[in-house]
Amino acid sequence: MSKRTYERPYLRKLNAGLGNKFGTRHSQLPVTEIDGVPVASIMEEYGSPCFVLSEQTIRQTYRNAVRAFGTRYPKVQMAWSYKTNYLNAVCRIFHEEGSWAEVVSIFEYRKALGNGVPGNQIIFNGPDKSADDLRFAVQNGSLIHMDHLDELYQLSEILATEDLKARVALRINMDTGVYPLWDRFGFNYENGSAWTAVTKVMAQPRMQLVGLHCHIGTYMLSAQAYAVAANKLCDLALEIRNQYQHRIEYLDLGGGFASGNTLKGSYLQGSDVIPTMDDYAEAISGAILQHPFGMSGELPTLFLESGRALIDDAGYLLGTVLALKRLGDGRRATIMDFGVNLLFTSFWYEHRISPAQDYSSHHEDMVLYGPLCMNIDVVRENVSLPLLQKGDRVVVHRVGAYNMTQWMQFIQMRPNVVLIDTRGQVHLIRRKEDVQTLNSQELTPAYLEANKGS
Amino acid sequence: MKISQNIAISENGFLFNPATGDSFSTNDTGKEIVRLLQEGKNQAQILDAMEGLFATDRASLEKDLADFLYMLGNYRILDANTAQSR
Ligand SMILES: Cc1ncc(COP(=O)(O)O)c(C=O)c1O
Chain A
1 MSKRTYERPY LRKLNAGLGN KFGTRHSQLP VTEIDGVPVA SIMEEYGSPC
51 FVLSEQTIRQ TYRNAVRAFG TRYPKVQMAW SYKTNYLNAV CRIFHEEGSW
101 AEVVSIFEYR KALGNGVPGN QIIFNGPDKS ADDLRFAVQN GSLIHMDHLD
151 ELYQLSEILA TEDLKARVAL RINMDTGVYP LWDRFGFNYE NGSAWTAVTK
201 VMAQPRMQLV GLHCHIGTYM LSAQAYAVAA NKLCDLALEI RNQYQHRIEY
251 LDLGGGFASG NTLKGSYLQG SDVIPTMDDY AEAISGAILQ HPFGMSGELP
301 TLFLESGRAL IDDAGYLLGT VLALKRLGDG RRATIMDFGV NLLFTSFWYE
351 HRISPAQDYS SHHEDMVLYG PLCMNIDVVR ENVSLPLLQK GDRVVVHRVG
401 AYNMTQWMQF IQMRPNVVLI DTRGQVHLIR RKEDVQTLNS QELTPAYLEA
451 NKGS
Chain B
455 MKISQNIAIS ENGFLFNPAT GDSFSTNDTG KEIVRLLQEG KNQAQILDAM
505 EGLFATDRAS LEKDLADFLY MLGNYRILDA NTAQSR
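Which chain is which? The protein sequence lines are A and B, in order. Residues 1 to 454, numbered by this note's numbering, are exactly what the first sequence covers, in order. Residues 455 to 540, numbered by this note's numbering, are exactly what the second sequence covers, in order.
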């Protein structure tokens with residue numbers, strides 16, 4: 001007699017209480033493939049954990065955003081937000097699709113140049129730009145988005161001593177009716193700082209004020225907030241035209257569009273509550289088009305720096321069950337080989353996790369821990385998953401944004417990252433780190449080296 | 455190890471404890487273990503029997519059985535005093 005397939009014993013108490021009117025939602029099917037490539041084969045070749053990016057999803061998501069805005073507004077230019085995911089292969093896909101680069105440090109700036117972005121298609125944002133950074137960016141003809149007055153004065157000095165001219169924009173922060181109000185970046189609209197900054201730039205013969213910029217927050221659940229922001233930028237642009245007979249060439253509405261992830265504590269699934277790209281596009285385009293910019297040739301170009309909404313869906317993290325245990329209070333705990341070291345976003349998202357192999361209909365509630373010997377390493381505080389066993393594989397969804405830039409080398413090394421191209425070929429795009437990667441950066445003082453092993 | 459008297463378990467893994475009024479659901483493996491307990495088998499005998507029935511290794515069986523017995527004890531399906539004893 002052949003033996004029966006084994007599933008570990010399971011016992012769940014049935015509660016005859018109030019029913020959950022939303023039902024218990026389980027991800028119904030195992031995820032055994034990504035873009036037609038078996039998850040198992042990727043893990044066999046590239047190890048576990050391993051990040052996977054889908055080129056097809058990146059391009060589809062990007063094209064959907066371009067369609068949403070392009071069908072509503074005549075002049076739209078995307079600028080890829082490097083900090084969201086600055087793996088060169090990812091950036092190059094966005095650039096191939098027509099995206100410029102939006103960077104917030106000289107390191108990102110150099111990456112953009114390395115990816116073939118012309119200097120005049122780089123937007124340089126952020127509060128940290130040194131004199132050298134500014135000089136370099138101005139020489140390259142980049143768009144300098146100023147964050148504070150100290151930067152404005154510093155730039156003015158550089159331009160005077162070096163006999164240079166700069167194309168600049170001002171970052172404006174404002175009340176859009178949503179909380180929290182992001183007022184730490186740029187110049188405040190309501191208290192008049194923004195207008196003061198405008199007058200200071202307009203007084204600088206070597207600065208050409210070409211744009212107005214805002215980035216009102218991230219994972220914005222209200223499309224309407226963008227209409228408020230667009231209205232305020234338009235009012236400012238028209239005031240500049242009236243007072244100075246000067247045309248603002250572009251309005252940069254930043255990023256912040258939500259991805260389909262579920263925020264912690266949210267009652268409903270993220271994908272059920274977030275606005276669509278069309279909702280955001282309608283709010284922004286509708287607001288700008290209502291302003292009297294005159295002939296369509298006079299309309300400012302609309303820049304967008306969307307990050308997470310364009311890349312989250314394209315990223316997956318593959319991992320393996322290390323161990324199972326029972327906690328003191330009876331809860332089931334599952335220990336995975338990936339934790340907050342790789343999934344920084346698990347601090348605010350309840351990431352969807354699917355088993356990568358077949359399973360029975362039984363599910364159990366569990367806490368999902370990462371591999372770090374640190375109490376903070378919790379991937380999901382409470383998740384219902386099938387009866388996982390040691391060695392089982394899982395797929396974490398929507399991890400493309402911020403994880404491959406905010407990951408930490410802490411206790412564990414960063415793993416391989418692969419890209420599945422549009423023909424289903426798998427390419428290694430970032431090699432996993434090892435002890436050599438780290439040691440290559442360290443120096444041991446000679447006197448300690450001499451005493452080695454003594 | 456003693457399983458509480460009158461524990462009823464159905465074909466499809468529905469388990470009822472008349473002493474407390476609690477009901478539970480379990481899977482095929484759980485059902486098998488409860489049956490073996492009802493036959494008065496001890497932990498080692500259960501392991502031997504399970505090894506003959508299921509395609510898996512002894513280490514997994516041992517680990518999972520210990521956890522299952524702990525849960526049975528927790529829910530007072532196993533006599534609490536005997537649940538942890540060998
Ligand atoms: C200036 C700026 N632009 C764009 C982005 C991208 O934001 P998101 O990923 O929310 O679209 C950010 C992120 O914080 C930002 O600071």
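Since the hints were derived computationally from the structure, they do not count as laboratory data. Quick caveat: nothing in here was measured; it's all calculated off a predicted structure. Any given hint could be a false lead.
To be verified - In silico lysine-lysine, DSS-like type, Cα no more than 27 Å apart, as pairs:
1. A:K432 x A:K111
2. B:K517 x A:K75
3. B:K485 x A:K390
4. B:K456 x A:K165
5. A:K165 x A:K111
6. B:K495 x A:K13
7. B:K517 x B:K456
8. A:K13 x A:K390
9. B:K456 x A:K200
10. B:K517 x A:K13
11. B:K517 x A:K83
12. A:K390 x B:K517
13. A:K111 x A:K83
14. A:K3 x B:K517
15. B:K485 x A:K200
16. A:K3 x B:K485
17. A:K83 x A:K325
18. A:K325 x B:K485
19. A:K452 x B:K485
Here is how each hint holds up against the structure:
Taken as a hint, the A:K432 and A:K111 pair is honoured in the structure, with Cα atoms around 20 Å apart against an allowance of 27 Å. A distance of roughly 64 Å separates the Cα atoms of B:K517 and A:K75; the hinted pair therefore is violated under the 27 Å criterion. With a C-alpha separation of about 22 Å, the suggested pairing of B:K485 with A:K390 holds against the 27 Å cut-off. For the hint pairing B:K456 with A:K165, the CA-to-CA distance comes to about 88 Å; that exceeds 27 Å, so the pair is violated.
Distance hint between A:K165 and A:K111 is fulfilled; the C-alpha atoms sit about 24 Å from each other, no more than 27 Å. In summary, the hint linking B:K495 to A:K13 is supported, as the alpha carbons are separated by about 24 Å, within the 27 Å threshold. Among the hinted pairs, B:K517 with B:K456 is consistent with the structure: their alpha-carbon atoms are about 20 Å apart, no more than 27 Å. Among the hinted pairs, A:K13 with A:K390 is consistent with the structure: their alpha-carbon atoms are about 24 Å apart, no more than 27 Å.
Restraint check for B:K456 and A:K200: not satisfied, since their Cα atoms lie roughly 85 Å apart, outside the 27 Å limit. A threshold of 27 Å between alpha carbons decides the hint, and for B:K517 with A:K13 the separation of about 21 Å falls inside it, so the pair holds. Restraint check: the Cα-Cα separation between B:K517 and A:K83 comes to about 45 Å, which exceeds 27 Å; the hinted pair is violated. For the hint pairing A:K390 with B:K517, the CA-to-CA distance comes to about 11 Å; that is within 27 Å, so the pair holds.
Straight-line distance between C-alpha atoms of A:K111 and A:K83 comes to about 11 Å, which keeps the hinted pair within the 27 Å bound. The hinted pair formed by A:K3 and B:K517 meets the criterion: a straight-line CA distance of about 19 Å does not exceed 27 Å. This hinted pair does not check out: B:K485 and A:K200 have alpha carbons roughly 79 Å apart, beyond 27 Å. The straight-line distance between the Cα atoms of A:K3 and B:K485 is roughly 16 Å, inside the 27 Å bound, and the hint therefore holds.
The suggested pairing of A:K83 with A:K325 is violated, with an alpha-carbon distance near 37 Å, which exceeds 27 Å. Only pairs whose Cα atoms come within 27 Å are accepted, and A:K325 paired with B:K485 is accepted, the gap being roughly 21 Å. For the given pair, A:K452 sits about 60 Å from B:K485 by alpha-carbon distance, which is inconsistent with the 27 Å threshold.
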